[in-house]
Amino acid sequence: MKKETNVKLNSEEFYASRPLKSVKFMRRFIPYQLWKFLIINLKVIRIVAYGHS
Amino acid sequence: MSQVVVLGAGISGHTAAAHLKRMLGKKHNVVVISPSEYYQWIPSNIWVGIGKMKEDQVRFKLDKVYKKWGIEFHQAKAVSIHPDGSSESEKPFIIAEYTDPKKRGEEISIEYDYLVNATGPKLNFIGTEGLTPGQNTQSVCTSSHAVEAWENLQKVFNKAKAGEKQKILIGTGHPTATCQGAAFEYALNVAFEARERKIEDNIEITWITNEYELGDFGMNGAFVKRNGYVIPIKEFAESVLFEYGIGWIKRAGVYKVEPGKVYYEQLNGSKNEKEFDFAMLIPSFTGAGIKAIGKNGEDIQDKLFLPNGFMRVDADYTPKEFEEYSVNDWPETYQNPYYENIFAPGIAFAPPHSISRPMKSINGTFIFPTAPRTGMPSGVTGKVTAQNIARIIKKGDKTLRHRASMGKMGAACIVSAGFGFFKGSAASMTVNPIVPDWEKYPDYGRNIRYTIGEMGLAGHWVKLTLHYMFIHKAKGYPLWWLLPE
Ligand SMILES: Cc1cc2nc3c(=O)[nH]c(=O)nc-3n(C[C@H](O)[C@H](O)[C@H](O)COP(=O)(O)OP(=O)(O)OC[C@H]3O[C@@H](n4cnc5c(N)ncnc54)[C@H](O)[C@@H]3O)c2cc1C
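Residue numbers (numbering that gives the first Met the number 0), protein chains in the order written: chain S, 0 to 52; chain E, 0 to 484.
Looking at chain E on its own, in the form it has when it is part of the complex (with noise of 0.2 angstroms):
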């Protein structure tokens, strides 16, 4: 019998669970270990913080899921990875920190054969002076901060309503951060509500970013075929966040937040302010911050991590100049290149480098996303985990047949822009692949024959859809393995 530890329950770490019970059967155990009690639907915080959805909607917990698929849960921490067992035992285990409230505090050593690190990113509001979820500023990345979100943000609708001029900021909260796109529906569907409420004349609303151009999003933009044309992505953001009302501040890295007022620098080396009264700022990412430790208790955290506490995985992680970035430089299979038997699907993996181009300011800040890894390739990568660990347990071949490089794989990205089901709004837009490919598609760097760049009534449809699609699979409802990543 083997032993499949997967750490982190959210959209990678658990689709591979989910898979890997379903391939291994009762013969082989499946060990999820997550600090929450809950699995939530991420892409769907966004409603939770415009009030469009109650937090019970877009989560549930997690033990009667897995009770039902017959896989042992552990609400707890991870806090190191012993991939050489220790001076008593050979076999390779990790330590967890219970966060259960009955058993908080208690640490657990859980053997493995295989181990899956989907732990996502730590959210590092530290890496921002100031800015803290709940004090000076807001953020949507967890349910819980969308809860609160959506009451500070009534705060300041009622005061709009009373007549009082508010301002609204929502953007990126440090100079690499990424997922744009997150933030960005956060704009659209604020400014939104405040139309629906027709209280728009007294909010103004600012999307500040660290994107050299709008609708950058951390994949260095992408082209999109319409009207005949084929247009970036960057006219398409400017022409919404236009016909919304907002207004913009790009090529701004965020290095301090004070209650009401941002402080930002910009490529061309300005210092500058914003003042606020409610802002969404998204903080950088790490990786959860696991330690790695020998079998004598020495560290070993270079052969497991990047100094970002992300996971090393099969990406070539040279240091090359931006010409010479390559789709070859992305993983594959996820398999760490010095423990066989170790997978970081979703963001856990380190990246080789960004997507976006490096930027510096005169002052010599970086000002630029660092690379994006949202829903999809998350679930993708997930599950071709689970297929290549279930297929080396079953046939004893440890060839990884299963493959999923984001230089390969197209995303879709529906970009909510107001809720409702006659009233609401998402931009469409795929790319495909997500990593450019200069040398496979010389003009645009990705294939834009089925690209999409579409506003309108039926993408909020998508999202809707999404949203309950996902939840079902999640939640193993029946037929739930047919449903795509």
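Next up, chain S with everything else stripped away, as it sits in the complex (with noise of 0.2 angstroms):
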């Protein structure tokens, strides 16, 4: 996406953090991505069995 269309130099938005290429690379990445759908869904039940009594 082309950030520069809405992104002025020096604007608030200019000192946002950006991802490198490598970390969009394993947003897509399957095996990574399986990997994490794991780690997401373990983390979010354990936050849900201990919510409540």
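Read the hints as simulated data drawn from the structure, not as lab findings.
Hints are not guaranteed to be accurate.
Taking lysine-lysine and the BS3-like style, the derived pairs with C-alpha atoms no more than 30 angstroms apart in a straight line are [unchecked claim]: (1) E:K359 <-> E:K255; (2) S:K23 <-> E:K224; (3) E:K164 <-> S:K23; (4) E:K233 <-> S:K20; (5) S:K20 <-> E:K51; (6) S:K42 <-> E:K233; (7) S:K42 <-> E:K407; (8) S:K42 <-> E:K197; (9) E:K260 <-> E:K197; (10) E:K422 <-> S:K23; (11) E:K224 <-> E:K439; (12) E:K249 <-> E:K359; (13) S:K20 <-> E:K260; (14) S:K42 <-> E:K224.
Over 12 angstroms on every C-beta distance to chain S, these chain E residues come out as not near it, computed from the model [claimed, not checked]: (15) D315; (16) E339; (17) K422.
Incomplete in silico selection of chain S near chain E, CB under 8 angstroms [to be verified]: (18) S16; (19) R27; (20) I39; (21) V43; (22) R45.
Ideal Cβ positions, reconstructed from N, Cα and C, are used throughout, including at glycine.
The task is to assemble the complex, starting from two chains supplied on their own in separate frames and drawing on the hints.
Right, here's the structure in full:
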């Protein structure tokens, strides 16, 4: 996506952190995402399970 | 035989009714009163609003499910609660007005032994001048609003495709609106769709919010573990918006909308305008507006409701400074302090105060997000309410054993950022507890051990799984009760 369209130099947006190519790649890399899918589910289940008595 | 009446068939009321019937069986009656013939899985409205799901994929008719479960259903809207009965009868009752087309406008009086008020929020569009969904602005708060939003968004996309520059504004439509997460998701999905259609160069998207910092989401922000650091969600939110090409206006209280123009005040007192071709703005929320009436017809509103229309429960409503806010202010059983047979789970309960710091502009306007109550706490509180009522009815023991405080329960926020099994994306975040507990967790207010702050395809799969899982559960398909709230 073209960021420049809406982000002017030295505007507040300019100071946002930006992902590297490797991070973007991992976000789409299926084996890694399958692993993440498992992790997110486990963490969510843990949070739900301990949430009420 | 006891009769439990549940007002509202949303996430909280439907969960409560389903568990009540499962636990009470045929010996007792469960009655649900809700104005729509449908149950809708509101979180997926975002996908209806970008044309990725049809309305019927996020909703289903309630009568079939309730018939199967043996729950009595009235398509009606509760108008008053009479907890002391009337001059003719001791028994408490409610009055509802049918919205069912066959009996529209007729009133019905239903007695109860236990009452669950799960009427959620009233979308208070009239709280902001000109904030009319389908006219000046759009909404995705209901599935029909989302259908309309998508129809209008397509017009903007078509103009952009034809080379016309288009301005899109998404965010909060009132200085104290909440539910930022939903609007944030919508902004990301709209940006994603614009990119898919290769029209992003002609579309300027702006996120407008009453948050002090991005990522506040009405929970005073949060911290997550990421790449060897503990970072504020603010950083995460700014980074995601930047990546999606979305600019932002923060600390902004929208007070007026005209066709194509929004007026807002910022915390620094400045009054500004922003033009748009398409705007999706979340209204403020109030309670459902049900009246509370005493035995002789007197007004007892104060016993059941706070002035904002949300129901008074076991929270500490003493006015306090932000520094004195405590997790112990938050309710655990959702029982009304004056009537022990009335409960209010989900959004219907009145929170003791905000979670974010209340902020006032130099003109004296409050500009900050009020407390959100998302799907998970709404479902969980619906379930504990059902467990407590079922226990009282079955065992006769009035001790409320089941408790769920937002100061103890965590929440998972899966913020959709694009649709598609291989192309989709979502930001997955967890917070635990929802309301910061500064005594227990002095550094961050929350336990950061099990937090996540991840962006990627896996989040989209989780969000999609949740959609199908919760629809399966709500329809009462096999083993539904094993699925967590
Ligand atoms: C667009 C959008 C996206 C969201 N996404 C997420 C998400 O991804 N994750 C998440 O956790 N949360 C999300 N939420 C929040 C979530 O939808 C709410 O927390 C949840 O719906 C609250 O449940 P509830 O049962 O309290 O209220 P509701 O679901 O609003 O249900 C209230 C019910 O009461 C009925 N009712 C109203 N007035 C009356 C009356 N007078 N008499 C009888 N019945 C009445 C209504 O018709 C409705 O059936 C989202 C919200 C929106 C708007």
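Comparing the hints with the structure gives:
1. Distance hint between E:K359 and E:K255 is fulfilled; the C-alpha atoms sit about 18 angstroms from each other, no more than 30 angstroms.
2. As the CA atoms of S:K23 and E:K224 are separated by approximately 18 angstroms, the hinted pair is consistent with the 30 angstroms bound.
3. Note on E:K164 and S:K23: the hinted pairing holds, with a Cα-Cα distance of about 28 angstroms set against a maximum of 30 angstroms.
4. As the CA atoms of E:K233 and S:K20 are separated by approximately 22 angstroms, the hinted pair is consistent with the 30 angstroms bound.
5. For the hint linking S:K20 to E:K51, the alpha-carbon distance of about 28 angstroms falls within 30 angstroms, and the restraint holds.
6. Of the pairs offered as hints, the one joining S:K42 and E:K233 holds, with about 21 angstroms between alpha carbons and a cut-off of 30 angstroms not exceeded.
7. Of the supplied pair hints, the one linking S:K42 and E:K407 holds, its CA atoms being roughly 16 angstroms apart against a limit of 30 angstroms.
8. A threshold of 30 angstroms between alpha carbons decides the hint, and for S:K42 with E:K197 the separation of about 36 angstroms lies outside it, so the pair is violated.
9. Distance hint between E:K260 and E:K197 is fulfilled; the C-alpha atoms sit about 26 angstroms from each other, no more than 30 angstroms.
10. For the proposed pair E:K422 and S:K23, the alpha carbon gap of about 12 angstroms is at most 30 angstroms, so the pair holds.
11. Among the hinted pairs, E:K224 with E:K439 is consistent with the structure: their alpha-carbon atoms are about 18 angstroms apart, no more than 30 angstroms.
12. For the suggested pair E:K249 and E:K359, the alpha carbons sit about 14 angstroms apart, so the restraint of at most 30 angstroms is met.
13. This hinted pair does not check out: S:K20 and E:K260 have alpha carbons roughly 38 angstroms apart, beyond 30 angstroms.
14. A hinted pair counts as satisfied when its Cα atoms are at most 30 angstroms apart, and S:K42 with E:K224 qualifies at roughly 13 angstroms.
15. For E:D315, the non-interface assignment is confirmed: its Cβ lies about 20 angstroms from the closest Cβ of chain S, beyond the 12 angstroms cut-off.
16. At roughly 20 angstroms from the closest C-beta of chain S, the C-beta of E:E339 stays outside 12 angstroms, upholding its exclusion from the interface.
17. The non-interface label for E:K422 is inconsistent with chain S: the shortest C-beta to C-beta separation is roughly 8 angstroms, within 12 angstroms.
18. The interface hint given for S:S16 holds, since its Cβ lies 5 angstroms from the closest Cβ of chain E, which is under the 8 angstroms cut-off.
19. With a cut of 8 angstroms, the hint placing S:R27 at the interface with chain E holds, because the nearest CB-to-CB distance is about 6 angstroms.
20. The criterion of a C-beta within 8 angstroms of any C-beta in chain E is met by S:I39, whose closest approach is roughly 5 angstroms, and the hint holds.
21. Taken as an interface hint, S:V43 checks out: its beta carbon lies about 4 angstroms from the nearest beta carbon of chain E, inside 8 angstroms.
22. Interface hint status for S:R45: upheld, as the beta-carbon distance to the closest one in chain E is roughly 6 angstroms, under 8 angstroms.
Hint check: violations occur at hints 8, 13, 17; the rest are consistent with the structure.
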